[in-house]
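Visitor: Here is what each chain is made of, one letter per residue.
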Amino acid sequence: MDIYERLIENPLFFKWIYHPGPEIDSWWKTYLEMNPAEADQILQFKHRFKALGFSVEKLSDAEKKALTKRIIFEIESIERGEKRNKFMIGLIKYAAVALLFFSIGSMYIYLKMDKRSKEWNVTETRIPSQLQGPVLILPHGNSIPLKKSESSLDYTNPDKVVLNNDSVIQSRKEVETVEQNQLIIPYGNRSKVILSDNTVVWLNAGSRLIYPSKFTGDRREVMLFGEAFFDVSKNKDLPFVVKTSFLEVKVLGTEFDVSAYPEDNIIQTVLKVGSVTIHRNSAGIFEKDLELRPNQMASFDKSTQNSKIYNVNANEYAIWTKGLLSFDDLEMCRVLKSLERFYNIQIHYTDPKTGSLRISGKLDLNKDLEEVLEYLSKVSETNFAKIDNDNYQIK
Amino acid sequence: MTKEPRNKDYWQLVWFNFKNGDRNSFEELFNEFADQLFAYGSKITDDRELLKDCIQDLFVDIYTYSPNLKNPELLEYYLYKSLKRSIIKKLKKEKRLESFNTEHNSFHLAFNLETDGYHDDSKNFQIEFLKKALSTLDEKKRELLFLKFDSCLSYIEIGDLLNMKPDTVKKQVYRIILHLRDNFGARLLELFFICWK
Chain A
1 MDIYERLIEN
11 PLFFKWIYHP
21 GPEIDSWWKT
31 YLEMNPAEAD
41 QILQFKHRFK
51 ALGFSVEKLS
61 DAEKKALTKR
71 IIFEIESIER
81 GEKRNKFMIG
91 LIKYAAVALL
101 FFSIGSMYIY
111 LKMDKRSKEW
121 NVTETRIPSQ
131 LQGPVLILPH
141 GNSIPLKKSE
151 SSLDYTNPDK
161 VVLNNDSVIQ
171 SRKEVETVEQ
181 NQLIIPYGNR
191 SKVILSDNTV
201 VWLNAGSRLI
211 YPSKFTGDRR
221 EVMLFGEAFF
231 DVSKNKDLPF
241 VVKTSFLEVK
251 VLGTEFDVSA
261 YPEDNIIQTV
271 LKVGSVTIHR
281 NSAGIFEKDL
291 ELRPNQMASF
301 DKSTQNSKIY
311 NVNANEYAIW
321 TKGLLSFDDL
331 EMCRVLKSLE
341 RFYNIQIHYT
351 DPKTGSLRIS
361 GKLDLNKDLE
371 EVLEYLSKVS
381 ETNFAKIDND
391 NYQIK
Chain B
1 MTKEPRNKDY
11 WQLVWFNFKN
21 GDRNSFEELF
31 NEFADQLFAY
41 GSKITDDREL
51 LKDCIQDLFV
61 DIYTYSPNLK
71 NPELLEYYLY
81 KSLKRSIIKK
91 LKKEKRLESF
101 NTEHNSFHLA
111 FNLETDGYHD
121 DSKNFQIEFL
131 KKALSTLDEK
141 KRELLFLKFD
151 SCLSYIEIGD
161 LLNMKPDTVK
171 KQVYRIILHL
181 RDNFGARLLE
191 LFFICWK
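Keeping their order, the protein sequence lines are chains A and B.
Sequential numbering from 1 applies to the first sequence in this note's numbering.
Sequential numbering from 1 applies to the second sequence in this note's numbering.
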């Protein structure tokens, strides 16, 4: 085969001429650089084909988008239809017309929602280390220190918000606003919030939760940075949605744990009871949401944007709410990270092997730090040395 | 390292992922082939809406019945063949195609060289030869060239779409391309200049 024949038999050659794009252009650029002897002939041959040329009709972006929507619509009505009997299939035509009107309506709602969701674009930030204790930031910007390291907030009473089971921090008038509250729990603290719909949220150390005093609209939405365990009150008409920087976890009524610390590369969702669906924020329109069954964990890798599902014992991922830490064949570095967050300390080690040690066991974090570290050093066969109040070293 | 452009192997991988339930792969297939198929279809009919309907049916069918597609390496061929069949079927239904037969070939491909907009005052021999060659092309041969230039289909696949032998397809392609090879045209040109001086 001479060079012309090779070019003619290579579909990438014609693609380069008639449908150029960055990918194909750079491929040929590299090819020409690597085969400089052929470059002249190739470029000349290309030039002549370009002169021969022909024009083609193109779909406009708007047409292509509309076409995509039509296809998704049809596919989804087929998927729904499979579950029904054949009698229904005849009705689909009429349903489609009805749905068309419905979708015009929902498009309107969707556009409105879109506007509202802009309020959620809070930049992902780490927990301010200068905070001495947990803080509640009210919609109008006032911040209220929650005093205890194990605080609780209760929004179920429509007339007032109860802090730590006794003091009242907001009168009814202020609760009426639907703007967002922000609860910040620094390292060394934890908190429990009962939201206005009776959903209970346990916030772990080093986390932020953004939520309204009262839920409005067609979904119950909260935003989480860090880790929280949710016991969502059942309401099948109002899905409960936990937003994180990369994923959205949607439920109707269930118990589950979400761990989405900004500094961790992995976002974990563990389901204890019920069912949840997980939606990737940057998902393409054809992408299906992930569904979890009880005792499954979805582990989302931020760098690869991939999720994996594991079978786990969900109780072990929830017992931190009771001040316990359980780990089964877990890497030492993750256990240490939890301890650092819980006690607000720094643990240093120089040997990288220490971090990748796999250990199993339970720690009672209600005990004091010295006792916990002593136990951990037995399990992992390492020695902890105290440098000062906030710093420890593994030898 | 530059990324390998998308070729048949690549689409086989995408197809494999799609069969295993990856809807992203379906989106990728759609984004890649919708434009290509639209370009092809619009040479057969100038009814954009009809063409869009055909493309919609095609992708819905793929989504619904795709797991039965036996030879994913023929995916592109399958797309072109189904689209063509579907367009002709719809045209026939609308009675726009009165004397319909299976050999139907109406393919409106005009090369830039042939259109009025192209003026060449240099009296280039090569161009003249090529123009002459193009003027002899019937619609079937134009469709053949279009498929060669605008898809990754093999001679066998193009032949199958057009009811032609693969060898005939290949010969036709080379007949046109011969006019574009520099050692043929340029030498003639050189000779011409030498004599003229």
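Just so you know, the hints here were simulated from the structure itself, not pulled from any lab data.
Just so you know, not all the hints are guaranteed correct.
Okay, the calculated bits of chain A under chain B, using three or more residues with CB under 8 angstroms as the criterion [stated by the list, open to error]:
#, stretch
1, 6 to 16
2, 55 to 64
3, 325 to 337
Selected chain B positions facing chain A (in silico; Cβ < 8 angstroms) [claimed, not checked]:
#, residue
4, Ala34
5, Tyr77
6, Asn112
7, Asp150
8, Val173
9, Arg175
Glycine residues also receive a C-beta, built at the ideal position from the N, C-alpha and C atoms.
Visitor: Now tell me if each hint is right for this structure.
Guide: Against the structure, the hints:
1. With 5 residues bearing a CB less than 8 angstroms from a CB of chain B, the stretch 6 to 16 of chain A meets the requirement of three and the coverage assertion stands.
2. Residues of the stretch 55 to 64 of chain A with a Cβ under 8 angstroms from some Cβ of chain B number 7, which satisfies the need for three, so the listed coverage holds.
3. Counting residues of the stretch 325 to 337 of chain A whose beta carbon lies closer than 8 angstroms to any beta carbon of chain B gives 0, which falls short of the minimum of three for the stated coverage.
4. The beta carbon of alanine 34(B) comes within 6 angstroms of a beta carbon in chain A, closer than 8 angstroms, and the hint placing it at the interface holds.
5. The beta carbon of tyrosine 77(B) comes no nearer than 13 angstroms to any beta carbon in chain A, farther than 8 angstroms, and the hint placing it at the interface is violated.
6. The beta carbon of asparagine 112(B) comes within 4 angstroms of a beta carbon in chain A, closer than 8 angstroms, and the hint placing it at the interface holds.
7. Annotation: aspartate 150(B) was flagged as interfacial toward chain A, and the flag holds, the nearest CB pair being 6 angstroms apart, inside 8 angstroms.
8. At about 7 angstroms, the closest approach between the beta carbon of valine 173(B) and any beta carbon in chain A falls short of 8 angstroms, and the interface hint on this residue holds.
9. Of the supplied interface hints, the one on arginine 175(B) is violated, with its beta-carbon coming no nearer than about 12 angstroms to a beta-carbon of chain A, more than 8 angstroms.
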